[in-house]
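Peer 1: Sequences are here, hints too, so could you generate the full structure?
The primary structure of each chain is shown beneath.
2 protein chains.
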Amino acid sequence: MRIGVAQINSTVGDLEGNLSLAIDAYDQLVGQGTDLIVYPELFLSGYPPRDLLNKEKFLDDIDCQLQKFAQLTGPTPALIGFPEKSQGTKPATFNSAAWCMEGKVIQVFRKRLLPTYDVFDETRYFSSGECSLFIEYKEKKLAITICEDLWIMSDPRYTTNPLDEISSHKPDLLINLSASPWYLGKEQKRIDLLQNVARQASCPLIYVNSVGGNDELIFDGLSISMDATGKLVEISKAFEECIEIHDLEDSSDKDTISILNQKESLRKALVLGLRDYTMKSGFSKGLVGLSGGIDSAVTAALAVEALGSQNVIGVSLPSSISSEHSKDDAQELAEHLGIEFHTLPIQSIVDAAAHELSPLFKDFPPDVTEENIQARSRGLLLMAISNKFGALLLTTGNKSELAVGYCTLYGDMCGGLAVISDVPKTQVFSLARHINHEKVVIPTNTIDKPPSAELRPDQKDSDSLPDYEVLDAILQSYVEESRSISSIIESGFEEELVRKVVRLVDLNEYKRNQAAPGLKTTPLAFGVGRRIPIVQKYPN
Amino acid sequence: MRIGVAQINSTVGDLEGNLSLAIDAYDQLVGQGTDLIVYPELFLSGYPPRDLLNKEKFLDDIDCQLQKFAQLTGPTPALIGFPEKSQGTKPATFNSAAWCMEGKVIQVFRKRLLPTYDVFDETRYFSSGECSLFIEYKEKKLAITICEDLWIMSDPRYTTNPLDEISSHKPDLLINLSASPWYLGKEQKRIDLLQNVARQASCPLIYVNSVGGNDELIFDGLSISMDATGKLVEISKAFEECIEIHDLEDSSDKDTISILNQKESLRKALVLGLRDYTMKSGFSKGLVGLSGGIDSAVTAALAVEALGSQNVIGVSLPSSISSEHSKDDAQELAEHLGIEFHTLPIQSIVDAAAHELSPLFKDFPPDVTEENIQARSRGLLLMAISNKFGALLLTTGNKSELAVGYCTLYGDMCGGLAVISDVPKTQVFSLARHINHEKVVIPTNTIDKPPSAELRPDQKDSDSLPDYEVLDAILQSYVEESRSISSIIESGFEEELVRKVVRLVDLNEYKRNQAAPGLKTTPLAFGVGRRIPIVQKYPN
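Taken in order, these protein sequences are the chains called A and B. Per numbering that gives the first Met the number 0, the first sequence starts with residue 0, numbered consecutively. Per numbering that gives the first Met the number 0, the second sequence starts with residue 0, numbered consecutively.
Among the clues, some could well be false.
For chains that are exact copies, the list does not tell them apart, and a pair is met inside one copy or across any two.
Keeping only pairs whose Cα atoms sit at most 35 Å apart, straight-line, the calculated DSBU-like set for lysine-lysine is [stated by the list, open to error]:
(1) Lys-459 to Lys-387
(2) Lys-326 to Lys-499
(3) Lys-56 to Lys-499
(4) Lys-438 to Lys-185
(5) Lys-387 to Lys-137
(6) Lys-267 to Lys-387
Think of the hints as simulated: they come from the structure by calculation, not from any bench. Owing to the predicted nature of the structure, the values given are computational and were not obtained by experimental measurement.
Peer 2: What follows is the structure, given as C-alpha cells:
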C-alpha cells in the first residue's frame, strides 16, 4: 500500500486553519496517488487542547469541521484525529480518529489507553474507547490505534493491552496516529518501541506523528513506516512538515535511513519550538537581552534561525559592574548575527532605586537585594522595549540555574518564552559549539570565559555553585529521576553538596511557578510535567 | 458512639510535624473518652502532595511515620489518611486510610473514586482501591470511605458507586475521611450531599475534613456528623482546628447548628489561606503595596488579621500621576491597621527609565509601555523591600482584572501570593464593607471612589472596562461556566462587549501563566484548576 503521510503543523484551537491544512494535504497526496491518507492524533483541534475540551461549543465546532472535511473526501480514505464529543460518558469526550471517505465519516476509532503522567492529563479529558480497532479496506484488514495504545509493553498502568487484541486478529497493517512530544533521545526510543510492536503484531506498521510547537511541547514528526520484521521502510523528516507517500511495498534498501545526531536534533527542536511559540501567538519579532554570556548568545542565535536576523533585537544592558568583555562580546555576537542592537545602561535606574530605598536600607549591608535590583532594572527596560515594539522577550535562563534558583524573578526571568530553560548548562556549552561548527557565530570568548552573572564585581558562577558537570549530574538524579539524597550520595557525590543542591531546588519552586513557559527537551522538564507543591516541607 | 474528630492542619511534606500533630490529637481525644478517632484524608503527607508522590523515598518515609503512629495507639482505634505505596500497580500508590490500634495497623482502606478534574489529578498518582470498605468494631459494622467515594450521585464519570455496595451491607456507621477544598457556597452543597448519602445508606455518618491552607487550596474543616435521616448531630467549626468529640447518640436538638454567612466565610477562608501560605513557607511578615484603592486595602486588612499588625508592612509608591486622595487613603488605612508604613516615590525611577529609553522611543507616542514602567518601578521597589526584610510580598489584584489582563506582569503582579485573585471585584467591594461592619478599617473614600489604576492622569477603570457588575457577570459565564459567546449574548449582554471581554480573557492567558499562586474561593479559579493553552486560536 501507498500511505499518504500528512505530517503537518496544526495550531491548538485554530479550527479553520487546521481544517484548511488538512484539506490541502489531502488534495496534494491524492494527486500523488495514494491508497490512504493518515493525519496525526487530535489534528483538527491541535494538541494539547487542554481545558478547551471543557467547552461544549468547542467540541461542537470540531464536529462541524470534521463533517466539512469528510464532505471533501473522495474515494481515497483519510484517517484524521479529533476530539469526539460523546454522550453518556464523563469525561464527555473521546480521543478519536475518523475514517472519512466519499463525503462521509465511515467509522470512528477511539483511543483506549489514556496517558496521565508527565505532561499528559488525558483522563482529565477523555473517556477510554471500547469500540473496534479494525476496518476492512481493499481486502486488507487494518488495525487503527492512537499514540499511547502502542506505548504499553506490559506497563502495569493499564489493565488492557490493545496490542494483544490486535495480534490475535492478524491485521495486514497497523496504523498509529500520534502526538508524541519530543525530548532528546526520544527518536531512537520510539523506533525501538515501534519495531517491537511490528514484530509482536507480525504486520507492517505506519506511524504518523505531529510536528510543530504548542506551548511547552515540541513535536518532531519523524513519521515512520516499517515492515512486519521491524525493518524501516520510510522515515519522514524531523522538525519539518512532510506531506509525502510511504510506499510499504518499496523494498529498496533503506540502510541509509538515519536520524539526526543529538546536538542537531536539539538545535532544530528549539528553533521549531521558538518559531512556533512566537508565530502562533501572533508575534513576528523576538527580543533578547545580551549579557555577553553563553545563555543569551545561544538564545539569540536560535532566535535568528527561527525568526530571521531582521526580526531579532539584541539589547546590552550594562551596569557599572559589567566587564568590558561582556559588552564587547554582546556587540560582537550581534554583529555576527546581523541583528538590530542597542545598548541601554541601567545604572541610572539602579541609582534611582537605591536613592529611594536609602531611608529604609541605610542600616543594612548590601546583599542579594541589590543584585536583584540590577536584574530587575534590566527586566524593566527589556519589557518596555517588548511593549513598545511588539517584540516577544525571550528569557535566556538554562535548566541548571532555574533548578537552583540562580536567577531573579521579575528580572532575568522576564519574558514570554524560556527558550533553553530545559537545557542544562553543560548542554548549553555543547550546543554553542555545535552552532559554531561551520562558522563562528557565538564569540569564542563567550564560550571560553568562566560563566558569571556579573551582579557583583568579579562574581563567578563557581563562587556559589559547583562545577556545572557536577551540578548537572546531581540535578539529573534529583529532578529527572526523582532519586533521594542518600541514593545520590551513594553514586559518589559529596553529601554536603548534594544536600545544598537539593535544598536549593526545593526552595526555588516558587520562582519556577512564575517562570515563563519553557520548551521541553528532556524526559522531565520544569513546567506542566512536574508538579511539586510550592509550600512543602519534605526535606528531600 | 463517641467519635473523636481530629480536624487538624497538616502541612504538605512535613512528615514529622504531621505525625506529631496526629499523636497530640490522639492523646487529647483519648483523654476525653472516645470510641474511635478519625483524621482527614492523606493527613500524614498533607494534601495535595502532588509530585512528591513520585518520589519512592517519600512513600517509604510516610510508611515509617504510619508505623510510628500505629505503635503509639492503644485500645482506642484511629483511622488516619496516608498515601500508601503499592506493589504491582501503576500508579504505585493508593489513597488510603489505616485503622490503627493496639500498636498495629489492623486494616487498610483504599479510595476507589479518584477525582481528575478541576484542581484534582488523582489518577496521575493513585490506583483505584478494590479492597473491603468494612470493618467490625464493638459489634458494629463500619463502612470506611475517602472523600470522592461519596461524591458520586450517579455521576457517569465513574462506573462503580461505593455507596451502592455500602447500602446493601447495611452498616451501622458510615465514615468519610476528606480533604475537600473550600469555595464560596461549598458548605451547604456538601451538607446537602452528605444528607442524601446518609439517607441512601440508612445509617449515621461522620465526615472529617482537613482544615488549613496548602498553596492555592483552603480546607475549611467543618467536620459533620448526622443521623440516618440526615439530621445534623454535630458540626465542627469552620476554618479552625477542632479536636473534639462528636457524640452520635446525642439526641439534643441541634436546630441551632448554622454555618457562617458567605461574607464571613470568605473573610475567614482568605485569612486562613494567607496565614498558612505565609507561615508554612517560613515567612512571618507580609508586605503590601498600598495604592489607596480597594484591592490593596482589603489585602492589607486580611494580612493584618492573618499575621498581626506588627507583621505587616504597607508601602505607598506614588508617582507624579497619583492623586492626593490616593496617598491620603493609603496612609489612613495604614493608621487604621496600625502597621508599619512607608512612602517611596517612584518618579525618579520612571524618569531614569524614560531617559535611558528615549533614544529608542523618541519617535513613538506614549502608550501602555509607559503605564507598565510605572507599575514595574513599583514592583522593583516592593521586591527590594521584600528581599531586604524577608517579608512576603502579597499581590493585590482581584479576579476581574486578572481575567481581562488589567494588570502589569512583573509590575503589580509581583508577589508570592495573590490573596484575592479569585475574588471578583464586585465581591471585593462587599468584602470591604463586611470588614468595616464593626468599625471603619478601610477608609470610606477607598470604597466609595471610582476605581482607578492611576497609570494615566484622571484614568478610571470604567474608561476601558465595563461596569464591574456587568463584567463580573460575563466573566462568571465565560470563565467559570465555560459558556460560549452566543450563549452569553442570549442571556442579555451586548454582543460587542461580550466579544471584547472574551477576547481579553483569552489574550491574557500568558499573564496568568506567570501569576503568583492565588487562593481558590470559587468553583473555578485561575491556576491549577484551569488549564487553558497559552498559545491557542479558538475564538471563543
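Peer 1: Please go over all the hints and tell whether each is borne out by the structure.
Peer 2: Right, here's what the structure says about each hint:
1. Lys-459 to Lys-387: both (34 Å within a copy, 23 Å between copies)
2. Lys-326 to Lys-499: within (33 Å within a copy, 44 Å between copies)
3. Lys-56 to Lys-499: between (50 Å within a copy, 18 Å between copies)
4. Lys-438 to Lys-185: Classified as within; 29 Å inside a copy, 64 Å across copies.
5. Lys-387 to Lys-137: This pair counts as neither: shortest intra-copy Cα distance 59 Å, inter-copy 74 Å.
6. Lys-267 to Lys-387: within (30 Å within a copy, 42 Å between copies)
Checked against the numbered hints given earlier, this structure breaks only hint 5.
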